[in-house]
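**Q** Sequence order for the protein chains is A and B.
Counting along the first sequence from 1, when you hit position 116 you're at 116 in UniProt numbering, and nothing is skipped either side.
Counting along the second sequence from 1, when you hit position 77 you're at 77 in UniProt numbering, and nothing is skipped either side.
Simulated from the structure, these hints should not be mistaken for laboratory data.
Only a predicted model underlies this, so the values are computations on that prediction, with no experimental measurement involved.
Check before you lean on any hint, since a few could be wrong.
[Unchecked claim] As a list, the in silico SDA-like pairs of lysine to any residue whose alpha-carbon atoms are at most 20 angstroms apart: (1) A:K8 <-> B:K3; (2) A:K8 <-> B:M1; (3) A:K57 <-> B:K3; (4) A:K38 <-> B:V38; (5) A:K8 <-> B:V38; (6) A:K38 <-> B:P121; (7) A:K8 <-> B:G152; (8) A:K8 <-> B:E71; (9) A:K8 <-> A:A44; (10) A:K10 <-> B:K116; (11) B:K3 <-> A:P9; (12) A:K10 <-> B:A2; (13) B:K116 <-> A:K38; (14) B:K116 <-> A:A76; (15) A:K57 <-> B:D68; (16) A:K8 <-> B:K116; (17) A:K8 <-> B:T5; (18) A:K8 <-> B:G139; (19) B:K3 <-> A:S51.
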Amino acid sequence: MYDFELVKPKTLREAVAALQAEDAQALGGGQTLLPTMKARLAMAEQFVALSGIDEIKGVCLDDDGRICIGGGTTHATVARECAESYPALASLAGRIGDPAVRNRGTIGGSIANNDPSACYPAGALGSNATIMAEGPNGTREIAADDFFLGMFTTALEEGEIVSEVKFPVPERARYEKFIQPASRFPLVAAFVAKFSDGVRVAITGASSSGVFRWTEAEEALSADWSPDAVKGLTAPDAGEMISDLHGDGAYRAHLVKVMTARAVAAA
Amino acid sequence: MAKVTMNVNGKSRSAEAEGRTLLVDWLREGLRLTGTHVGCDTSQCGACVVHVNGDPVKACSVLAQELDGAEVTTIEGMANADGSLGTVQQAFQDYHGLQCGFCTPGMVMAASALLKENPQPSEAEVRHYLEGNICRCTGYHNIVKAVMAASGQQVEPVAAE
Ligand SMILES: Cc1cc2nc3c(=O)[nH]c(=O)nc-3n(C[C@H](O)[C@H](O)[C@H](O)COP(=O)(O)OP(=O)(O)OC[C@H]3O[C@@H](n4cnc5c(N)ncnc54)[C@H](O)[C@@H]3O)c2cc1C
Ligand code: FES
Ligand code: FES
């Protein structure tokens, strides 16, 4: 790994200011970034550690009943603290990687990274979450629908920090992950959420353009909330799915259906 | 370079660290505590697991400078005060939970974190918790047996498959 200077701000303001330096990058839990830096696929002169900023850690409830998770909150904390308030999200967080990864990795890092196989992007998109981005010009609110712009691409601007993610709590929800056992990431996973005004279905691990909403399933499930409603649907186009040695496009397209139906059955 | 101080196995210890110095290198090279192993260096294998402020983390995937002031326990801190093996270590010996021993420090640290959180885990819970710890030798059965025994539970003979 190339050497760099590490700065450790205590407040969000200081972190935003530090990220204004030329060639500076945020460091969340480092569970994606450090391996990438070791492989020399990422580097910067200055890394800004977010782990010392207490104001972006923890879980609370806002006036609209949304669960607000600080961007620096670890997966382990979400698994523990949302177990009653939002079990589907807690179970998603509690199955990311392994216990040691969950003690360092953060929701802000996962969402900012937008790995096409990551878990949180499906949870945020499926829950219709709002992402709070803190930058030099203040705070921006970005709907999940406008945030995830394709593989490793988001609506975040240079130097912006995910300070909080706000989750409306659905009537019923579930995350079903078909695990790729070597990486422990999903091969394909589905997050389904039933709200009073309709159903949302977010799929990760499948599409070569990253997390997406499977709108056909959303329509079918809004009309008939049952695993059978999914079984009758045509799977997404295999040509648009990721194809690699772990599973080709047709296999992944099939898994999209299977995991969605399982999620509905278990919700 | 910066001087980094942590409480390691109950003692205040200091050593220099560059920005990029990983906790595992700070422990092994800075403090000469070589019990913590590097298996993969890519965050996959868990050989480097230590406890930071009580929680298991991969020492190859966290920066030393970030942990200035932290409390760290390594495998060297797992023995009893008189130098005899701690409960989890002794169980690994009794149940042949190791062969080459390379993964063992990480296994012991992960297993003891599990038992702190869940003192009487089921076999399935042990296997699930140790998901991030890879062993190339044992086939895991004896590791699971050792953890069950360390928790004071009845250990069914686990036949090698
Ligand atoms: C063995 C292993 C298994 C894993 N399994 C899974 C899995 O099953 N599912 C899954 O989803 N993930 C998995 N991960 C990835 C893990 O969840 C990471 O923690 C996560 O992807 C990145 O979060 P982080 O806090 O570690 O961010 P970092 O690695 O520190 O950063 C990632 C990127 O986000 C940026 N960043 C970090 N925090 C913020 C912020 N608050 N605001 C803006 N930008 C930020 C960084 O600059 C960097 O570009 C796994 C990782 C490992 C090592
Ligand atoms: S050496 Fe740290 S996980 Fe393998
Ligand atoms: S005992 Fe050799 S790797 Fe586990």
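**Q** Give a verdict on every hint.
**A** Results of checking the hints against the structure:
no.	hint	verdict
1	A:K8 <-> B:K3	14 angstroms, holds
2	A:K8 <-> B:M1	15 angstroms, holds
3	A:K57 <-> B:K3	27 angstroms, violated
4	A:K38 <-> B:V38	14 angstroms, holds
5	A:K8 <-> B:V38	26 angstroms, violated
6	A:K38 <-> B:P121	36 angstroms, violated
7	A:K8 <-> B:G152	43 angstroms, violated
8	A:K8 <-> B:E71	18 angstroms, holds
9	A:K8 <-> A:A44	15 angstroms, holds
10	A:K10 <-> B:K116	30 angstroms, violated
11	B:K3 <-> A:P9	18 angstroms, holds
12	A:K10 <-> B:A2	18 angstroms, holds
13	B:K116 <-> A:K38	32 angstroms, violated
14	B:K116 <-> A:A76	15 angstroms, holds
15	A:K57 <-> B:D68	19 angstroms, holds
16	A:K8 <-> B:K116	30 angstroms, violated
17	A:K8 <-> B:T5	15 angstroms, holds
18	A:K8 <-> B:G139	42 angstroms, violated
19	B:K3 <-> A:S51	19 angstroms, holds
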